[in-house]
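Q: One letter stands for each residue in the lines below.
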Amino acid sequence: MKHLLSADDITADEIVALLGMADHMAEVNARPVPKVPALRGKTVVSVFFEDSTRTRLSFETAAKRLSADTMTFSASTSSLNKGESLRDTIETLSAMRVDAFVVRHKSSGVPLQITEWTDACVINAGDGWHQHPTQALTDAYTMTREFGTPQTLKGKTVAIVGDILHSRVARSNVSVLTKLGAKVVLVGPNTLIPLHAAGWPVEISHSLDDVIADVDVLYMLRMQQERMETAFVPSLGEYTSRFGLTAHRASRLAEHALVMHPGPMNRGIDMVVDPADIPGNRILQQVANGIPVRMAVLFTLLGAGNASQLTQGTDL
Amino acid sequence: MSKTAELVFQNVSIVHPTGVEVGDVAIAAGLIVGVGTGLTGKKIIDATGLHLSSGFVDLHTHLREPGKEEAETIETGSRAAALGGYTAVIAMPNTDPSQDCVAVVNFVRQKAREVGLCEVVPSACITVGRKGEQLVPFAALHEAGVRIFTDDGNGVQDPLIMRRALEYSRDLDIVLAQHCEVSRLTEGAVMHEGECCSALGVPGWPSIAEELMLHRDIELVRLTGAPMHFLHLSTAGSVELVRRAKADGLPVTAEVTPHHLALTDDLLVGFDSVFKVNPPLRTSADIQALKDGVVDGTIDAIATDHAPHAAHTKDVPIDSAPPGMLGLETALGVVNTALDISVVRLVELLSWNPARIAGIQDRHGRPIAVGEVANISVWSSTDTWNVSRDEMASKSKNTPYHGMKIRGKVKYTVFNGELVVDNERAVR
Amino acid sequence: MSSAGTQSGAVVLTAQDISRAITRIAHEILERNRGINNVVLVGMQRGGVWIADAIKAAVERVEPGSTVGAGSIDVSMYRDDIGLRPVVPAAATNISVDLSGRTVVLVDDVLFTGRTVRAALEALNDYGRPRAVQLAVLVDRGHRELPIRPDYVGKNIPTHFDDEVLVNESGVVVTLAQQAEEKVS
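Chains as they are written, first to last, in this note's numbering: chain B, 2 to 317; chain A, 2 to 429; chain X, 203 to 387.
Hints are computed from structural coordinates only; laboratory data are not their basis.
For each residue, glycine too, the CB sits at the ideal point set by N, CA and C.
It cannot be assumed that every hint is accurate.
[Stated by the list, open to error] Simulated restraints, written as ranges between beta carbons of each label pair: (1) B:R98 - X:R222: 50 to 60 Å; (2) B:R41 - X:R236: 37 to 47 Å; (3) X:D300 - B:K155: 40 to 50 Å.
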């Protein structure tokens, strides 16, 4: 694995191995000195063309705990003028000897394009509506560890609720969760479910009330204001009444069911009830788990090395 | 009155509307001076195994000059056209300044005359600046030699403007050409709205955006009686709409591009903007319907929609990249490889029909006969070659066929009697 | 460190030889440290963990009533060849006591170049500052690349660099380099 661009590129075995590695990273995180020298001397650059303090800090913390050096390049889209100097930016940074780029961009496909312009490894931290693989890995980690089934999610039902069409988190999660054997149900208004999702290995429902009592995980997505303005939903109020997590809906959840959200929540819209009041709420665990999962990803990609550099012998 | 021929193609398969005849063709002083056997002249080319036909005519080329000369110029575009076997191209008007006034139209025509590698027939916009608001001076432009008017790139969105344009221009000997796209349904679109699009998470360009506009304008043609030519059709639904319109006897013609006969939407899975084009690449079902339309005559012509873009403009996130691909140099090869049709039908699509639609059939798409002006293309339908973006004569490199093998290559092109492409090389 | 391989070489230590060596090492540890009170046995993943457990059991047999502090350590994130070869999957690190002021006995099955032990020394630092660190190995096969020496050795077995040494509870098997090549092809 040279890059992590899409959850579609990793196999079920690779996912299980990464999550297993994350357990060890979690142990490192629990130490009084949560640091190992594994990636000492490696440089990890965060290139965030879209604001995201939470994900960027999670990656930077992960890199630092592996003793890597980190740099941040933060660019607001206006200053880059529709991506005009995207290639120049990457080539300039690459010239400073970078081992890994962690990239977030509002346009789908940018991390893949970047692999053409650099020898560094590229990690997708979210591109457009396309993929957010480390989020899905973190979510799978949270779920499997909660259920005590580190190798599989077979027999579990996960409902992903909301604006699926515009959600990279949804696409990555569909890929990872189905590979681990979960039954995935996409729930949302017809306008916000991709036209060809019927061909994905998922079920589709337009009623949250019909599915909520039977799920093991309720995964809520963020509903944005702009969707109302382009006629995807008539009003946010109507969206909330059909698909928001209200107190009444929360009371119908199974006792063991988990409630998750990739953040940030739109309180009063996707999340009406206060999550603190729901026993199955694992939203903060998701955030916490992001670090060991990202440590596992960085270690696997940057620690893997180049077979041609092998010297004699296979043991220490 | 026999002149010594300057140039003779010997033993070549001449393509006539009635069929193919093997023989010699002799050219002198800009005209065909002999068609038969045993002909000789100053320069003799053994064209055994090759086909000879009237030069190709492209109804749809973007030459980019004036305004975007870093992508292509009239000179480099003419060279690419000649290498593709074209003796005439219709230059699209989305230049900067637009071809919406006599001055710019004359500039383009004159520049091409100075280059002299093929004829460039400028088209003009339907509305000033292609803004869709004010009609251009049709009569004045017609007088300046324009026959095809189009807002290509946008399509005329306002039905009232299109109705007026059709009514006003009906009595002039011109034809409006429509780029069928309801832009409200394609905002931000990157590729065909299909399975690949849903998986990749990008805005889609639904087939219905083309079909709705096509349907609207077919009905406006029915209402006004004015002719219309439909540019770069790309969907199965569009083919059916045109088929029924023709069955109703309406004065409509339609073109299709080589890439819409050969390439599918899943090529965009790598987010390579070289495959981003307007209208987008679609599914194999659409390709099959377009091929059926070519066979049964619903589609009248192949037009390249040659759209050069400087490399740095395509090296951006795919949703910001300008749509468009090169097409002139690969047209024969792609169409010959993709379609299973007779050589006569091939020449009809590449030369005779487009010459007629463009109104230049007095000098292009002519019969191969003594006394006719010598605008000729000599080509192989069996030679295969590997397309390389670095070997394109075009100033830009955005060919979608880079690394692919196609069958069919132009060897010689004669423009107004001059051999401008000699054994696959442009003479200047 | 032990290496993978099928048992097609020579058995240099039988299960009983191993058991006797472990008992002797247990005695030596007790003697050198004058008892087990301040000593923590840390088995190195993966090959040293069962040996550390065996030494602990032997000590508790020899001096009944004592409880020996023990743990395991994984050094895959401290290796000096990270970025040079495929990632070694990590195993559990379990050190539940503060090591400051205590004598740590690192336990491994095979001592070879010494690089794993160097990594372990670095890893131990994250758990406190031991008073002393001693090294117990079942087999010393030579070819040190760093200045590391064992305090307790089960058996010295000279080998060629390319030989394979396989260790488990049933015995120690050495497969010579030529044989190893034939095996692979």
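Q: Checked against the structure, which of the hints given earlier come out wrong?
A: The structure conflicts with no hint, since it agrees with every one listed earlier.
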